[in-house]
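Enquirer: The primary structure of each chain is shown beneath.
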Amino acid sequence: MNRDANKIYGIDLGTTNSCISVLRDGNPHAISVDGNGIVPSVVSLDGGNLLVGRKARNRAVAFPEESVRSVKRLMGTTEKLTLGKKSYDPEDISAMILRYLCDEARRIEGCDVERAVITVPAYFSDAQRRSTMEAGRRAGLTVERIVNEPTAAALFYDQIHASLEGSTPKGGKSSERHALVYDLGGGTFDVSILRMGDIIEVLASTGDTRLGGDDFDSRVVTRILRQIKEKDDLDLEDCVPALARLRSVAESARIALSEKASVWINEAHIPAPRGKSCAVSMELSREELEEMTEDLVGRTIASVEKAMEEAHLTADRIDRVLLVGGMTRMPVIATRLEAIFGTARMPVVDPDLSVANGAAIQGGIISGENCEQILVDVTPHTLGLKTLSPDEERMFESSPIIPRNTQIPVTRARTFFTIAHHQEIVNLEVYQGESLDPDENVLIGETELKLTPAEENCPITVEYSYDLNGIVHLVAEQKGYSRKTEIRIDSRNPKLFASQDLDEIEEDADAEENAPGEEAGAINFVTQRARSLIGRMEDDEGKKLLSETLARYEKALRDDDSDVDEIEDDLLALMEDDDDDAEE
Amino acid sequence: MIEWAWKTLKVDRDADPETVRQAYVRLVRRYPPEHFPEKFAAIRRAYQQLTLDDDFIEEIFHRVTEETTPLDLAGFLWGDRDELRPDKDAALTDLIPLLTGADARNALDEALGRAAAQKIEWKTGDEGV
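If you read the sequences in order, they're chains A and B. When the letters of the first sequence are read in order and numbered with this note's numbering, they come out as residues 1 to 584. When the letters of the second sequence are read in order and numbered with this note's numbering, they come out as residues 1001 to 1129.
Note that these hints are calculated values from the structure, not bench results. Hints may be right or wrong, so weigh each one.
As the list claims (entries may be wrong) - Restricting the straight-line Cα-Cα distance to at most 25 Å, the calculated cross-link-like pairs of lysine-lysine (DSS-like) are: (1) A:Lys-80 x A:Lys-55; (2) A:Lys-555 x B:Lys-1007; (3) A:Lys-555 x A:Lys-544; (4) A:Lys-555 x B:Lys-1010; (5) B:Lys-1039 x A:Lys-86; (6) A:Lys-479 x A:Lys-450.
Said to hold, decoys possible - Some chain B residues well away from chain A (every beta-carbon gap over 10 Å; in silico): (7) Trp-1004; (8) Ala-1015; (9) Arg-1026; (10) Val-1028; (11) Glu-1034.
All C-beta atoms in this analysis are idealised placements derived from N, C-alpha and C, irrespective of residue type, glycine included.
Based on the sequences and whatever the hints tell you, model everything.
Expert: Quick look at the structure:
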């Protein structure tokens, strides 16, 4: 079978498990690695042999020092990890997982995996996103986009939903629904609210990047440790081999409790300090588990409420609740959400695979393979400018220019004023984060604007643009003096931001416009449907007419002609006739 | 500003919120953000203006100073991007067709009410850079 080597793969790089998916005939398929779509995000070094996935997870129980798990929780930090004798960045470990997924996918699909969309929790910070991007690069991938996990899950859900309803033509009656995606994974929690209809818009996104299954397991481990302490008077809190074993036991018990009301934890030969060992035998009920993790679940519910508030919606206006992430199999999660949203609102989707499948769909949107679904996502964090504070408490504050949950791409401007007579310069420092105090936010770029001598209180307009790839573009202008400065901040690579004078930038812009390959543009669902129809048509004359109309339409789109409506109607009418003919 | 928004979304002056929404969705499908980022941003902006979306109101607040009167605000809405229109009476007349649909009216009433109260919330004048 001739498969396109240029396909964009979707990768869910999870805390506990990862998954890779690809579009086949427009539908996403999770690729089965080692007989399973879900691959444990664990690496282990066995002598000189690097293991990833299931084998690594099994080995990690016996050899925790030679294994790394839950590396996602360290993304965006500078923490070093040791594996055998060498030390690694979190990006290196993630790259090993990515490489493994891609190699396996290549083996199964029979073509190279070069381009990928990788998902991250919606609430991941700029640094965590950059770190994920870097991991992709180190794995030799072109990372086409970093996509938010709940958004990806919603895209997948939207696609199954559309196929279940049959191919009702879109663009007809508006039947918009609000969906809430509750995504509790191994290490992170996200909640997003989306409006879904002919287009999919994210309205609000929030979460906690350090809350997940690992935390639930830790509670169970603590409980077992207490039992051992009471029974054998042994303190295993600092005993790494014992903890690795108990963690694995705790995870199995927690998973089993999603099905059963109670489980027995029987574990012998648990390694203890000074060559000793011990055993544990105890019963754990679902009720006890729920009790000891009640605060964790409570935190997720608080985020759900915050997201609804930010989307200006009440619970009765949420039509669907989508559960994503293996942790949502815990019955108490569904119970708590049912109490808020009612049972009818919870459709069944595969909580493990939907994120990777959604990422593959996003890959199709980028490549132009899929133009039926249109996604409008939001900025996860506020972008602000460091300004003098009017408060007496602090010297500076971060004045928001693009607030979080703003739909992207977007351009926003705000006017500020100089404080000194004949002020010579203003420093422009771009901060990301929700705090009023710039020091609690992250500096992602800076530049300065030289001023023409003027009275104090001279207005300075600062404009931020944020594109689909998370690149921030800043333009500052001294009003009435037309002194301008611009910088481009690639939030994926902040060290490379450049500050330029406007003249140079205009030259750059010209150069970019003439760059080859940028021409493609004009792609939407109409053009893609027309192209596919032309490919299937046999009547030469009809084919020619349709091709000509399509060319006129594409030109009108590019030039933003006023008669684009008319041409679109012509084209759609032509396509309808030709479609009927093709079917006959 | 509002004239531009009507034109961009290709809707009539008296379009109700549902019609505005449909026009917006139709245009976003034609100009998806993935392949038409600039055109999309313009459509989005026009939609926010016509629905007097919170973000847009917020943006207006950020642009208005202590001295701004409701009429100045109207002028700002109706004039060009950055200009306050000198002809205030004409600006007020122009406001009338905007007041269609309960949501839009409430939002604008609130905005104008706050403009009249004028004093505290809108000042951006004392923020130095």
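Enquirer: Give a verdict on every hint.
Expert: Against the structure, the hints come out as follows:
Using a Cα cut-off of 25 Å, the hinted pair A:Lys-80 and A:Lys-55 holds, with the two alpha carbons roughly 23 Å apart. The straight-line distance between the Cα atoms of A:Lys-555 and B:Lys-1007 is roughly 20 Å, inside the 25 Å bound, and the hint therefore holds. Taking the CA atoms of A:Lys-555 and A:Lys-544, the gap is about 17 Å. The hint holds against a cut of 25 Å. For the proposed pair A:Lys-555 and B:Lys-1010, the alpha carbon gap of about 20 Å is at most 25 Å, so the pair holds.
Between the alpha carbons of B:Lys-1039 and A:Lys-86 the distance comes to roughly 50 Å, so the proposed pair goes past 25 Å and is violated. For the hint linking A:Lys-479 to A:Lys-450, the alpha-carbon distance of about 13 Å falls within 25 Å, and the restraint holds. Once the 10 Å rule is applied to beta carbons, B:Trp-1004 is consistent with being away from chain A; the minimum gap is 14 Å. For B:Ala-1015, the condition that its CB be more than 10 Å from all CB atoms of chain A holds, with the nearest at approximately 14 Å.
With a least beta-carbon separation of about 7 Å from chain A, B:Arg-1026 fails to lie farther than 10 Å from that chain, contradicting its non-interface assignment. Its closest Cβ contact with chain A, about 5 Å, brings B:Val-1028 to no more than 10 Å, contrary to its assignment away from the interface. At roughly 6 Å from the closest C-beta of chain A, the C-beta of B:Glu-1034 falls inside 10 Å, breaking its exclusion from the interface.
When each numbered hint is compared with the structure, violations occur for hints 5, 9, 10, 11.
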